[in-house]
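Novice: So you can see what is in the structure, the chains are spelled out below.
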Amino acid sequence: MIQILIFSLITAIVFFIAGKKFWRIRRNILLGQAKDVSGDVGQRLKNMTLVAFGQKKMFKRFIPALFHLFIYVAFLFTTLELVEILIDGFTGHHRFFATILGGFYTFLISFVEGLSVLAFIATVIFLSRRNLLKLPRFTKAEMLGWPTKDGNLILIFEIILLVAIFTMNGADTVLQNRDVAHYPDIGNLLVSSWLGPMLFDGLSTNTVIIIERIGWWMHLLMVYGFMLYLPFSKHLHIFLAFPNVFYASLKPRGEMENMESIMNEVKSMMGLVEDTPVDDDMSELPSFGAKDVFDLSWKSLMDAYTCTECGRCTSVCPANQTGKKLSPRKIMMDVRDRVEEVATKIDLQEEGCKIDKEKTLAKDNFDDSKSLFDYISKEEIHACTTCNACVEACPVMIDPLEIILDLRRYEILTESAGPTDWMPMFNSIENNGAVWQLPNSRAEWKDS
Amino acid sequence: MEDQLINVPLYADVIAAGKRPEILFWVGCAGSFDARAQKVSKAFAKLLNHAGVDFAILGDEEACTGDPARRAGNEFLFQMSALQNIEVLNGYEVQKIVTACPHCFNTLKNEYPALGGNYEVIHHTTLLHQLFEEGKLSVEGGNFKGKKITYHDSCYLGRVNGVYEIPRKLLEQLDVELVEMKRCKTNGLCCGAGGAQMFKEDEPGDKRINIERVEEALETGAQSIAANCPFCLTMLGDGLKEKEQQEKLNVYDISELILQSIQ
Numbered sequence: 001m002i003q004i005l006i007f008s009l010i011t012a013i014v015f016f017i018a019g020k021k022f023w024r025i026r027r028n029i030l031l032g033q034a035k036d037v038s039g040d041v042g043q044r045l046k047n048m049t050l051v052a053f054g055q056k057k058m059f060k061r062f063i064p065a066l067f068h069l070f071i072y073v074a075f076l077f078t079t080l081e082l083v084e085i086l087i088d089g090f091t092g093h094h095r096f097f098a099t100i101l102g103g104f105y106t107f108l109i110s111f112v113e114g115l116s117v118l119a120f121i122a123t124v125i126f127l128s129r130r131n132l133l134k135l136p137r138f139t140k141a142e143m144l145g146w147p148t149k150d151g152n153l154i155l156i157f158e159i160i161l162l163v164a165i166f167t168m169n170g171a172d173t174v175l176q177n178r179d180v181a182h183y184p185d186i187g188n189l190l191v192s193s194w195l196g197p198m199l200f201d202g203l204s205t206n207t208v209i210i211i212e213r214i215g216w217w218m219h220l221l222m223v224y225g226f227m228l229y230l231p232f233s234k235h236l237h238i239f240l241a242f243p244n245v246f247y248a249s250l251k252p253r254g255e256m257e258n259m260e261s262i263m264n265e266v267k268s269m270m271g272l273v274e275d276t277p278v279d280d281d282m283s284e285l286p287s288f289g290a291k292d293v294f295d296l297s298w299k300s301l302m303d304a305y306t307c308t309e310c311g312r313c314t315s316v317c318p319a320n321q322t323g324k325k326l327s328p329r330k331i332m333m334d335v336r337d338r339v340e341e342v343a344t345k346i347d348l349q350e351e352g353c354k355i356d357k358e359k360t361l362a363k364d365n366f367d368d369s370k371s372l373f374d375y376i377s378k379e380e381i382h383a384c385t386t387c388n389a390c391v392e393a394c395p396v397m398i399d400p401l402e403i404i405l406d407l408r409r410y411e412i413l414t415e416s417a418g419p420t421d422w423m424p425m426f427n428s429i430e431n432n433g434a435v436w437q438l439p440n441s442r443a444e445w446k447d448s
Numbered sequence: 001m002e003d004q005l006i007n008v009p010l011y012a013d014v015i016a017a018g019k020r021p022e023i024l025f026w027v028g029c030a031g032s033f034d035a036r037a038q039k040v041s042k043a044f045a046k047l048l049n050h051a052g053v054d055f056a057i058l059g060d061e062e063a064c065t066g067d068p069a070r071r072a073g074n075e076f077l078f079q080m081s082a083l084q085n086i087e088v089l090n091g092y093e094v095q096k097i098v099t100a101c102p103h104c105f106n107t108l109k110n111e112y113p114a115l116g117g118n119y120e121v122i123h124h125t126t127l128l129h130q131l132f133e134e135g136k137l138s139v140e141g142g143n144f145k146g147k148k149i150t151y152h153d154s155c156y157l158g159r160v161n162g163v164y165e166i167p168r169k170l171l172e173q174l175d176v177e178l179v180e181m182k183r184c185k186t187n188g189l190c191c192g193a194g195g196a197q198m199f200k201e202d203e204p205g206d207k208r209i210n211i212e213r214v215e216e217a218l219e220t221g222a223q224s225i226a227a228n229c230p231f232c233l234t235m236l237g238d239g240l241k242e243k244e245q246q247e248k249l250n251v252y253d254i255s256e257l258i259l260q261s262i263q
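Chains A and G, in that order, give the protein sequences. So the first sequence is numbered by our numbering: it starts at 1 and just counts up by one. So the second sequence is numbered by our numbering: it starts at 1 and just counts up by one.
Calculated directly from the structure, the hints in this document are not laboratory data. Careful, some of the hints might be misleading.
What the hints assert, rightly or not - In silico DSSO-like links for lysine-lysine, alpha-carbon gap of 27 Å or less:
no.	chain 1	residue 1	chain 2	residue 2
1	G	Lys39	G	Lys241
2	A	Lys46	G	Lys185
3	A	Lys134	G	Lys148
4	G	Lys207	A	Lys140
5	A	Lys325	G	Lys243
6	A	Lys140	G	Lys182
7	A	Lys325	G	Lys207
8	A	Lys291	G	Lys200
9	A	Lys60	G	Lys182
10	G	Lys42	G	Lys147
11	G	Lys185	A	Lys57
12	A	Lys378	G	Lys200
Claimed, not checked - Listed next, the stretches of chain A that the computed footprint assigns to chain G, with coverage defined by at least 3 CB atoms under 8 Å from CB atoms of chain G:
no.	stretch
13	252-258
14	310-324
15	411-420
16	431-443
Every residue gets a Cβ at the ideal spot worked out from N, C-alpha and C, and that includes glycine.
Only chain G is shown next, with the shape it has when bound in the complex:
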């Protein structure tokens, strides 16, 4: 299953063939270019293929949603990027978008409407959960059955958009033993990447935020951290490397855990 070839059509090609994809997979900058997040894009695409979902990506017609620019304070750049994207999305009359990045998710869902971009936007965990509900995905046994896994709430899926339970329900599907960190759900601790921190050095302090977070994850005794955001993946992965604990605890996107369980 993991080695299968993936079929990821371009939106433009599908439209040119006179068809219309049911859903647009918004890959995002990390999903497109970051080596770690690319694996998540692939895992998610394989799951979509497996479940028979009719989707397509924009490819080079997609640009950064503008989230880090806006949160850094660069409204001008945000508007440029966002309006350009909205031109493309409205041009294709896109109705429904799924993305594996909570930052893209938030911006597309909550910030594009004020600029004239109105779509139904869901995070990939929500779509995966729907596929399980519809019986298009199912796991029997699986690699992670009974394994101790802790779930890291990303700020932009959790606290900002109130999605706490769906990712946890997905982990239930995998029969894992979910162990919560001390700070979880509404009190979840940030990985340290949001608000464009991903692109700059930390301000002076005692500790990096990602170190604080992986220490908390290590306290749970879990063997894996399940995440839902490419930037969290990077931050938590880096934190574990810095503490030389990457052998003991690894970080996966939920879609990767599902893919590894469907054998």
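Excised from the complex, chain A in its bound form:
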């Protein structure tokens, strides 16, 4: 009875805190601009099924994709045991599904155990890849400090979780073999049926019961810990990958977002449209492109929270591979860090950041005299060749290019700045209709 009470209390607290944290992330994503995501829902569902659920883009690199798949599928199926633990916790009914499913239950748990062994191997390989092989994409500048620790911590959590599962099932099998009440025989399990007796056979029944409970609680607490840790970690992709792929652009990859306000202004300037209402209010100069996270679309902010820092984008970026500062992964990490900074200030209602002191601090009443450019340098955004390699590489359909181009638009259109090398090209297009300033006719080549 006491166990049920403690369990219910912990569960309630964990779900409350995690719920708040996840709700905060939702609010943070909505700090961004509205974006039209209407259109073919069927296609979106197809993308989500193939790319998020089916891991299609992961398999561009087969070996890491395979090991990742082990962890992913193990995670999906372990949910079964987790649900059972929750039922057990609330009602005291041990192994609830065993009575309903019978032999199929034995198969399912054995299947989970097999997957867990594969996931264990994968986790150890992933840890060695990060710490022994020191793969270049895991040791880039933006990975120093917390991101590296974060990556390792999650893998260590996973190992503890897997140890907990085998402790729980192993001890359970021993108790089943001894016909202890409350531990009904669920048949032979793939791993625990030999691992359990090997480890725990010499121990007294009471000790084994305690070990089983330790495994049970450890499993539960690791999952709860993970739930509370996720909102602070790069590991959010396990949930966000799905909506992020679903809402990914369906437009041709080569089509940049059209800026309708500018199009209409140019159209009226060229006399292509009649009677456009002229905005006489020049008190505030218009701002174009993105200076801060508020100017990016909410989808770009979701991209930033979805990024799991795998670095596939950076490892194929031509600028990064030739030693330039630009790293698409860093762009995503910077955007998330800036959103978090803004969000924390909003949470604390920092007086100094309010534009209108009478109102609450919110996305339309926020100025901390900082911006995305305090995180991302001009040098980085100038190095992009818009080659789309990062877009192609991302397994969860993040688009770093959209952010880079939004930042360029701010620099050129709002600040009237930018690389001086570009000025002759701009002038030339404006005055000559060509990227180079030449006196010749455009048709001369055919006669030369």
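Could you slot chain G onto chain A? The hints should help.
Specialist: Same frame as chain A, but now just chain G:
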């Protein structure tokens, strides 16, 4: 064949004569003004003449599509250039456009519709492939038969628009021995010119992107690189010059390889 005179009518003249060209050849800034790319324009025009394709160019009525301005962030300039072009194209009721520049191709095909310009746009490799299919072009033997050639996917034809196989099929027509670079197709490495990089110095780094790319091309042991973009031609050509390998490996547009094979 290479020395033959070319017949490149102006769109306005054809319309004035009461006719309508089947297809508009969009030459682009590079094709019009860059000495290297002009050769590609000529080679392509000769192939069109040879195959009897009814085409015309806009001449001075054509302006930059606005691609480099837009990707640099200058939306205002892009809109000016694009809307001006769309006025001309819609004025002539142009239906079909072919271009030898993947940047023009992408912008005309994917970005003009949102501004009111809707056309069927194809890259010149696609048209050339169609001409082979229809039997209007054919190669027997040819200069490059059995020669080792590597193909460089431009970003805007390949990764951005998903055209990987058609240019390779054209190379098959020439009976070349196609050797792929380590990074090809969806993983193809950029030449370094896109996103308006063509018009500015590189940001500080260890290496230029075009050097990285030509080193990869040299590793294949090919004697020529086949390209499909005037900016790639410049970047790869410059890279080879910088490495003093221009004797060993030369860079051609696919249309030039075809023209040289049809003798």
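Novice: Take the hints in turn and mark each one as holding or not.
Specialist: Okay, the hints, checked on the actual structure:
For the given pair, G/Lys39 sits about 19 Å from G/Lys241 by alpha-carbon distance, which is consistent with the 27 Å threshold. Restraint check for A/Lys46 and G/Lys185: the C-alpha separation of about 24 Å stays at or below 27 Å, so the hint holds. With a CA separation close to 37 Å, the supplied pair A/Lys134 and G/Lys148 exceeds the 27 Å bound. The suggested pairing of G/Lys207 with A/Lys140 holds, with an alpha-carbon distance near 17 Å, which does not exceed 27 Å.
This hinted pair checks out: A/Lys325 and G/Lys243 have alpha carbons roughly 24 Å apart, not beyond 27 Å. Proximity of A/Lys140 to G/Lys182 is assessed by CA-CA distance (about 23 Å); at most 27 Å being required, the pair is judged to hold. Using a Cα cut-off of 27 Å, the hinted pair A/Lys325 and G/Lys207 holds, with the two alpha carbons roughly 12 Å apart. Straight-line distance between C-alpha atoms of A/Lys291 and G/Lys200 comes to about 23 Å, which keeps the hinted pair within the 27 Å bound.
Taking the CA atoms of A/Lys60 and G/Lys182, the gap is about 15 Å. The hint holds against a cut of 27 Å. Annotation: proposed proximity of G/Lys42 to G/Lys147 holds, straight-line Cα distance about 24 Å (limit 27 Å). A hinted pair counts as satisfied when its Cα atoms are at most 27 Å apart, and G/Lys185 with A/Lys57 qualifies at roughly 15 Å. Simply put, A/Lys378 and G/Lys200 have alpha-carbon atoms about 14 Å apart, close enough for the 27 Å limit, and the pair holds.
Counting residues of the stretch 252-258 of chain A whose CB lies closer than 8 Å to any CB of chain G gives 6, which reaches the minimum of 3, so the coverage claim holds. For the stretch 310-324 of chain A, the assignment as covered by chain G holds, since 7 residues bring a beta-carbon within under 8 Å of that chain's beta-carbons and 3 suffice. Counting residues of the stretch 411-420 of chain A whose beta-carbon sits less than 8 Å from any beta-carbon of chain G gives 5, enough to reach three: the coverage restraint holds. Taking a C-beta to C-beta cut-off of 8 Å, the stretch 431-443 of chain A contributes 9 residues in contact with chain G, enough for the three needed, and the coverage statement holds.
When each numbered hint is compared with the structure, a violation occurs for hint 3 only.
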